[in-house]
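Asker: Sequence:
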Amino acid sequence: MTPHSPSPMDVALGLARQAAQQGEVPVGAVIVRNGEIVAAAHNRPRALNDPTAHAEVLAIREAARVLETERLEGCDLYVTLEPCAMCAAAISFARIRRLYYGARDPKGGAVEYGPRFFNQPTCHHAPDVYPGLGEREAGDLLRAFFAERR
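Residue 1 is where the sequence shown starts when you use this note's numbering, and the numbers rise one by one after that.
Note that these hints are calculated values from the structure, not bench results.
Yeah, the Cβ is synthetic: ideal placement off N, Cα and C, and Gly gets one too.
Treat the hints with care, as some may be off.
What the hints assert, rightly or not - What follows is a set of in silico ranges between Cβ atoms, one per label pair, in the way DEER data are often shown: (1) Asn119 / Glu73: 15 to 25 angstroms; (2) Arg150 / Thr122: 19 to 29 angstroms; (3) Thr122 / Glu148: 35 to 45 angstroms; (4) Tyr130 / Ser5: 13 to 23 angstroms; (5) Arg71 / Gln120: 15 to 25 angstroms; (6) Arg150 / His125: 33 to 43 angstroms; (7) Thr69 / Arg149: 31 to 41 angstroms; (8) Phe93 / Glu148: 31 to 41 angstroms; (9) Pro6 / Tyr130: 10 to 20 angstroms; (10) Arg149 / Met86: 30 to 40 angstroms; (11) Arg104 / Ala147: 14 to 24 angstroms; (12) Ala147 / Ala126: 29 to 39 angstroms; (13) Asp128 / Pro106: 13 to 23 angstroms.
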């Protein structure tokens, strides 16, 4: 990334906005290695008729394809919402180095809330976790999305 490039979280937030425009829950994810974005995705469960098509999982799949490895060691994941249990497991299995996330998710999150996946003795790899990056904007996107549907 160049000094004038948007930050990875800014890219993830842009992807979350795209998801919302497509009727998907507004979550975006970006995977960075050595300062370069190697994969980016937004939620697509409805579009793909796939309940596992969360932004994190899609980004992990793309990064693994691009880097030609199932272990994404040295990679950092930026995501706009605290990962759920499924995504936390995928992050662990992929050996993501650092996880940065925006909005906390008391209802469905699995990092700070719920099962606290990375703190479990059965978790084989836990990334360094940095919550709250872009939290306000990510939370605003989610609140607006769900307010429109009520």
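Asker: Tell me the numbers of any earlier hints that the structure contravenes, in ascending order.
Answerer: 2, 10
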